[in-house]
Structures are given as C-alpha cells and as structure tokens.
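*Asks:* One letter stands for each residue in the lines below.
There are 2 protein chains.
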Amino acid sequence: MEVNEDNIEKCQKRIITYGTFDLFHYGHLRLIKRAKALGGYLVVAVSTDLFNTIKGKVCHYPYKHRAQIVEALKHVDKVIPESSWDQKVKDIIEHDIDMLVMGDDWTGKFDHLKSHCDVVYLSRTPNISSTIIKMELSQS
Amino acid sequence: MEVNEDNIEKCQKRIITYGTFDLFHYGHLRLIKRAKALGGYLVVAVSTDLFNTIKGKVCHYPYKHRAQIVEALKHVDKVIPESSWDQKVKDIIEHDIDMLVMGDDWTGKFDHLKSHCDVVYLSRTPNISSTIIKMELSQS
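First to last, the protein sequences are chains V and P.
The opening residue of the first sequence carries number 4 in the working numbering; numbering runs sequentially from there.
The opening residue of the second sequence carries number 4 in the working numbering; numbering runs sequentially from there.
The hints are simulated quantities; they were obtained by calculation from the structure and are not laboratory data.
Warning: the hint list may mix true and false statements.
For identical chains, the list gives no copy identity; a pair is met inside one copy or between any two copies.
[As the list claims (entries may be wrong)] Straight-line alpha carbon distances no greater than 30 Å define the calculated DSBU-like cross-link-like pairs of lysine-lysine that follow: (1) K117 / K137; (2) K16 / K77; (3) K137 / K16; (4) K16 / K117; (5) K112 / K77; (6) K137 / K93; (7) K77 / K93; (8) K91 / K67; (9) K67 / K77; (10) K77 / K137; (11) K81 / K112; (12) K67 / K36; (13) K91 / K81; (14) K60 / K93; (15) K58 / K137.
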C-alpha cells in the first residue's frame, strides 16, 4: 500500500488475530490477508498443542509446523504462541495492538476487549474449514 | 541474506521448482525454503487442475487456492501454472533460470535438462506428504 495522508493512519495500525491454522487452507489465507489489509503490522497468535488439548481440539499438525507456515506468509509480521484463553489483554498491551480481528464464528465473544482495542469480526470463507476438510477426507 | 563478495553469485541465481502443493504442509514449506536458499529468486510452477487430471492425480483444492497459498509465501517471488510435462525448457529460458530444484522422489527424472541449467534433487521431509495426509485422515 502506498503511504499518503489518507492512509497513513491505517498503515500504522497494529492488528492481532488468533487461530489454530491446522491443515492450512485458502480460508485461513483469506482471513490473514484481510486482517493485514486493515492495518500495517499483523501479529498472529497460533494455538499451542497443549492449549488445543485443553480446548479438546484434535489437531493434525504440531504447533511447530503450523506456526512456521503462518510465519512464512508475506502478510504476517510476527507469530506468537496462544497458550490460554486469558492472555489476550496481555498480548494487546505487549504488542501495542489497535485492533483484534477474528472470524465471524466468534462474533460477540471478544466484545469485552473493546475497552482495550477495536474488535472486528470478519466473515469466514464459505465451505472451507479444517473441520470440513477432515470430514471430507475421512469420507473419501 | 547479506550480500557480499562471497555470496553475490549465489544471490543472483534464479531457481525454479514444480509441484501440486495440495493440502499445503510443512514438507512443502521446507522444500520451498531450501530451494530459495540456493539462490536469490524463486519461481514456483503449480500444477493446474487440467494437468492433474491428465496425470490421474486427484487434488482436494483447485489451482486458484493452491497457487494463492504458494504465492503468499515470503520465499516465493513468482508463481506460474504448470500445464504440461514438456514446458520446462520454455520456462527455464523465459524466466532465465540457473537451477531446477525438485524433491528426491524425482531423482534422475530431469537429468535431461542439465544442458539448460543445474538440476538439484533435495531430500523430502520424512513422513509428510499430501498422499499420507489423505490416507491418515481417511482412516481417522
């Protein structure tokens, strides 16, 4: 994005998003691209394996692989581990975040963070999710 | 990579690799990172859906999704479509390629291109492939 008077404020915004990013797919990429487009610096918090176990979420790939794929994306400036539900306020302060961006399957769930930063829910890409992939491949 | 007298020649090398990159995984990323590390500019040719049909290869994701994920990687400078077996000489000339890099499941298969550029086969990451993922998920 070219920096001029109109978008210099947008360029300086620091964004954060959270996710597991198992079986990396186009829906993940599309959300990350749109999150980055809302600002100039994007932090992505990737769920650790232990946190997935706590959530009862079965992951195909370990944290190391999932985090390295997200970190390799041009739109991602920093990857941090997500290891608990309640780390978000600490992350927002530590990384000087202006906006939390999540998929709209989380709509309303993080509104309590609006006193710390903007909270935006983006529409998910229809018919693409790690859960759907696992289901489709288990039936193939 | 810092450019100095020792590595300026390496930095200028133009690399190409070919693949389907279905169900993008850590093994794909590792190969792409190592291919990029051999030079300064990396072209990735991604198999089109029609070419996969010709090869009898069943792909979970369409070309558009697979190509966009590869194109989004920091290590990739350009993505082109791979639509036939015999386009490689044309690609090498058109993109001024110094080195073709492939996984070692293709060892020897592209040695006939050595009159056009260097040909290097890199070891694949053990126990990770799109085929293995499909098999594992179909049994889960």
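*Asks:* Run every hint past the structure and note whether it holds.
*Replies:* So, going through the hints one by one against the coordinates:
1. K117 / K137: Close neither inside one copy (34 Å) nor across copies (41 Å); limit 30 Å.
2. K16 / K77: This pair counts as both: shortest intra-copy Cα distance 17 Å, inter-copy 21 Å.
3. K137 / K16: neither (35 Å within a copy, 40 Å between copies)
4. K16 / K117: Within one copy only: 15 Å inside, 49 Å across.
5. K112 / K77: within (28 Å within a copy, 32 Å between copies)
6. K137 / K93: Cα proximity of K137 and K93: none, with 33 Å in one copy and 39 Å across.
7. K77 / K93: both (25 Å within a copy, 28 Å between copies)
8. K91 / K67: within (21 Å within a copy, 34 Å between copies)
9. K67 / K77: For K67 and K77, the Cα distance is within 30 Å both inside one copy (18 Å) and across copies (18 Å).
10. K77 / K137: both (27 Å within a copy, 27 Å between copies)
11. K81 / K112: within (24 Å within a copy, 39 Å between copies)
12. K67 / K36: Close inside one copy (22 Å) and across copies (15 Å); limit 30 Å.
13. K91 / K81: Answer is within: at 15 Å inside a copy they meet the 30 Å cutoff, but 36 Å across does not.
14. K60 / K93: within (24 Å within a copy, 47 Å between copies)
15. K58 / K137: Classified as both: same-chain Cα gap 18 Å, cross-chain 25 Å, threshold 30 Å.
In summary, the structure is inconsistent with hints 1, 3, 6 from the numbered list given earlier, while agreeing with the others.
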